[in-house]
Amino acid sequence: MFKSAAHLPERRSLRDEHALPASQTLSHLLSHHANGAAHLPELEGNTAIGTKRCCHPLCTKCGDTDCANDDYGPENCCADVIAKNYLSCTKHAAPCTVDPTLPIVVDPATIQRATVVGAHPGQSWNSSVSAGETLLSMKLDAVQLFMSEGALPAGAATVINNLKAGRNVQLTIELNGSHDDILYTKNAYYKRQLQSFGNKVKTGMSDPNNNINNVKLTCRLLHEMNGNWYKWGLFAGYNNTIPKFQLAFKFIVTTLRSTGAQITYQMDYASSSYGGALPIKSYFVGLENYVDEVCVAAYNMCGIAYSQYKPLNQIMDTWYKQITYLTNKPLCIADGTDDGKVQWIKDSYKRLASTYTQVTTVNWFFENKWNRDWDIGSPLLRDAFVNGTYLFKNITTYGA
1 MFKSAAHLPE RRSLRDEHAL PASQTLSHLL SHHANGAAHL PELEGNTAIG
51 TKRCCHPLCT KCGDTDCAND DYGPENCCAD VIAKNYLSCT KHAAPCTVDP
101 TLPIVVDPAT IQRATVVGAH PGQSWNSSVS AGETLLSMKL DAVQLFMSEG
151 ALPAGAATVI NNLKAGRNVQ LTIELNGSHD DILYTKNAYY KRQLQSFGNK
201 VKTGMSDPNN NINNVKLTCR LLHEMNGNWY KWGLFAGYNN TIPKFQLAFK
251 FIVTTLRSTG AQITYQMDYA SSSYGGALPI KSYFVGLENY VDEVCVAAYN
301 MCGIAYSQYK PLNQIMDTWY KQITYLTNKP LCIADGTDDG KVQWIKDSYK
351 RLASTYTQVT TVNWFFENKW NRDWDIGSPL LRDAFVNGTY LFKNITTYGA
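In full-length UniProt numbering, the protein residues as written are 1 to 400.
These are calculated hints, taken from the structure and not from any lab test.
Misleading hints may appear alongside valid ones.
[What the hints assert, rightly or not] Below are the SDA-like pairs computed for lysine to any residue, each with C-alpha atoms no more than 20 Å apart in a straight line:
hint	residue 1	residue 2
1	346	311
2	393	115
3	139	154
4	321	288
5	216	167
6	139	216
7	216	230
8	216	311
9	350	114
10	231	247
11	350	384
12	393	321
13	191	265
14	231	146
15	250	230
16	350	315
17	139	321
18	329	358
19	202	265
20	164	176
21	321	106
These figures come from a predicted structure and were not determined experimentally.
Using the sequences and the hints, build the whole thing.
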């Protein structure tokens, strides 16, 4: 049965593989993957590149110039022929036409829920969450931290200190080994660092003198893996593949679990894949028992990656529709921010509260980067964040 059009990502046609290095083609990235093949049958309908026409799931030339030569014929594989059928994917199996405006349906009962708001401190906070809380005159539910594997053993003390202070910790673990072994699961150094961290966290959390209650440590692993900007990304090169990514993810979780530390685990997507080629299902299916929360990075990159302001729904809708079709697990905003737009913060909080009701954790990234003003350094921005946070918490606590 064809999945609802709302849950189908755009896909590249196979003729466009030459636009990526050979190591990043669909057939390579999905090699030896139980749920994948070059035609991605797990989509149960392939969307032709540049169109809203969904081909038969077994078309291998969907939207290609020679689609008429596909074994399944032009009526199943050619966008122009499919368009003439006037069949909507909301009511018909593929081949059909996708309705990109299909709304997210919200059950009012899901609005009221337990939620967590955290932040990665910025320059105006002197990179200190305590200083930020003083500046904002509010207590955050969580702090977002980033640590390389080399910093983990010593960094366990920072984690414990934040938990002792009554904050949840959202820790992103970044692997910075050599390119050749970044996803190599037999890396003894990685294992040693992870075990040391896990053992220290377990000791600190179980120490009655630390009085750690009602807060938790969550580790985010191999984040934004559907991009090309981190070495572990599927499109970063280095012969990275879906099977290697999944083995590495399992290796990290299994190693940390072996220490007995109380940790929950997040998988984190970029809101859109760099290559635009792989459905999010390809990363997630097979890791269900290793993932407690599924997250997405949601940045308004206006003025950086595109010229026009984008509200959160334009950034997040496609991902949200797909992931909520795949799983009922809690969702989170891994990190999100905006380049100085007060209204974006307000609008995003409203949508997160009342539309994206499977989202239970929201993290904000307030550290400036080169050419990116992400800190909330002005009183106007700080007020927008504080007021938006209270609005979000009130709606999710008491309902809309």
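These are the hints, each one checked on the structure:
Of the supplied pair hints, the one linking residue 346 and residue 311 holds, its CA atoms being roughly 10 Å apart against a limit of 20 Å. Between residue 393 and residue 115, the direct Cα distance comes to roughly 7 Å. Compliance with the 20 Å bound is thereby established for this hinted pair. With a C-alpha separation of about 26 Å, the suggested pair residue 139 and residue 154 falls outside the 20 Å cut-off, and the hint is violated. The suggested pairing of residue 321 with residue 288 holds, with an alpha-carbon distance near 18 Å, which does not exceed 20 Å.
With a C-alpha separation of about 8 Å, the suggested pair residue 216 and residue 167 falls inside the 20 Å cut-off, and the hint holds. For the proposed pair residue 139 and residue 216, the alpha carbon gap of about 16 Å is at most 20 Å, so the pair holds. Between residue 216 and residue 230 the alpha-carbon distance is near 27 Å, which puts this suggested pair outside the 20 Å criterion. Between residue 216 and residue 311, the direct Cα distance comes to roughly 31 Å. Violation of the 20 Å bound is thereby established for this hinted pair.
For the hint pairing residue 350 with residue 114, the CA-to-CA distance comes to about 16 Å; that is within 20 Å, so the pair holds. Proximity of residue 231 to residue 247 is assessed by CA-CA distance (about 16 Å); at most 20 Å being required, the pair is judged to hold. Proposed proximity of residue 350 and residue 384 is supported: the alpha carbons are some 12 Å apart, at most 20 Å. Between residue 393 and residue 321 the alpha-carbon distance is near 23 Å, which puts this suggested pair outside the 20 Å criterion.
This hinted pair checks out: residue 191 and residue 265 have alpha carbons roughly 17 Å apart, not beyond 20 Å. A hinted pair counts as satisfied when its Cα atoms are at most 20 Å apart, and residue 231 with residue 146 qualifies at roughly 16 Å. Simply put, residue 250 and residue 230 have alpha-carbon atoms about 19 Å apart, close enough for the 20 Å limit, and the pair holds. For the suggested pair residue 350 and residue 315, the alpha carbons sit about 15 Å apart, so the restraint of at most 20 Å is met.
With a C-alpha separation of about 32 Å, the suggested pair residue 139 and residue 321 falls outside the 20 Å cut-off, and the hint is violated. For a cut-off of 20 Å, the pair hint linking residue 329 to residue 358 stands: about 8 Å separates their Cα positions. Restraint check for residue 202 and residue 265: the C-alpha separation of about 15 Å stays at or below 20 Å, so the hint holds. With a CA separation close to 29 Å, the supplied pair residue 164 and residue 176 exceeds the 20 Å bound.
Proximity of residue 321 to residue 106 is assessed by CA-CA distance (about 12 Å); at most 20 Å being required, the pair is judged to hold.
Taken one by one, the earlier hints fail for this structure at numbers 3, 7, 8, 12, 17, 20, listed in ascending order.
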